[in-house]
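From first to last, the protein sequence lines stand for chains A and B. Note that the working numbering has the first sequence beginning at 1, numbered continuously upward. Note that the working numbering has the second sequence beginning at 1001, numbered continuously upward.
For the record, the hints were derived by calculation from the structure and aren't laboratory data. Just so it is clear, CB atoms sit at the ideal spot from N, CA and C, and this is done for glycine as well. Check each hint, because a few of them may be wrong.
Just some of the chain A residues that point at chain B, by a computed CB distance under 7 angstroms [stated by the list, open to error]:
1. Ser104
2. Val107
3. Thr108
4. Lys112
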Amino acid sequence: MDELDILKKDWNKQPSDQNKVSIKDIYTMLHKKSSSIVKTLFYISIAELLFWILINTIPYFTSDTFKAQLDAVYTNDYIFTGITVFSYAVILIFIYLLYKSYKSISVTDNSKKLMESILKTRKIIKYYVLYNLIMAGISLLIGLYFALHHDPEAVKIIDNLDKNGIVLFTAFAIFFTIVFILVIWLFYRLIYGFLLKRLNRNYKELKKLEI
Amino acid sequence: MNKELEHSFVELLEKHQNIVHKVCRLYTNNYDAHNDLFQEITIQLWKAYPKFRGDAKFSTWMYRVGLNTAITLYRKSKRTIKTQDFEGVSFKIKAEDYDDTKDVQLKTLYKAVHQLNDIEKALVFLYLEDKDYREISETLGISEVNARVKMNRIKTKLRTILNP
């Protein structure tokens, strides 16, 4: 008889009145808040959506100079409308994908499938953040380009720079972009790494069984 | 959710609560954590209950939700007070009867099982509950052959833990 069979004999003999919860206790529990990772992930994704929407729209509404500059840059109204429509469409698509993904998370699926649905949801949030980072990068570049070409003060500064100065300026710009991306990347690693550490470990363990 | 549904659920859970306690016992090592996990499993069961169809046995359905909560969804909440990790010599728990095993051999066995990882514990749990390999494989989402192979490895691992 192996060890587990010895355990099995005792397993079913576990007294059922130990830690027994009453009907009243169960009623109370039903109205307590869940602390599951899916719920946390849901809050994070909502925060994520709102954060990037705010980042993208607040400057436009609060800063007149920004608005004026933007209007000056996008002299072509069609382009501006096009970009606006496009960015809102992307947000709507992400909301739809997230909603669908959350809906597909079911605690009654088998463990592997449940883990996969959660990881898929997390991936969608990741792509949303990635999209925003890329867009931020592109806007930064376009902004810089227009500033250097159309802003008289910026043009004056660039004209006064010698060759070394331009190299230094470019290096500086690249350095800051890298630091910016690194900080955001670390931030996400921390949030999701912390939240999904156990899930990832268990998922890997299940995957290992397939080999 | 209507009262009738709530009532039927509470009654069923009260009747089958031992299954949830057994999951908690395997995945936690103190009284507070046990209660915390019990509560989370209860919430998850309740959330999934409207979709529960009578074609599966309530207890079978509970195994799945209980284990899934323990190995995937559960995140230690602030409610949990870290009393003592299992690595310690004995449990220091609020409820003294949490560890009721008098037998030294059984105590050692339980201790060994606690050292397994989450997935291994899930297999052991289903095995102890007398589930066949088909049900084990369906619950975890692995093939029957792999469940069998893994179970044998777990037995070897337990033996190594017990006789280092």
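Hint numbers not upheld by this structure, sorted from lowest to highest: 1
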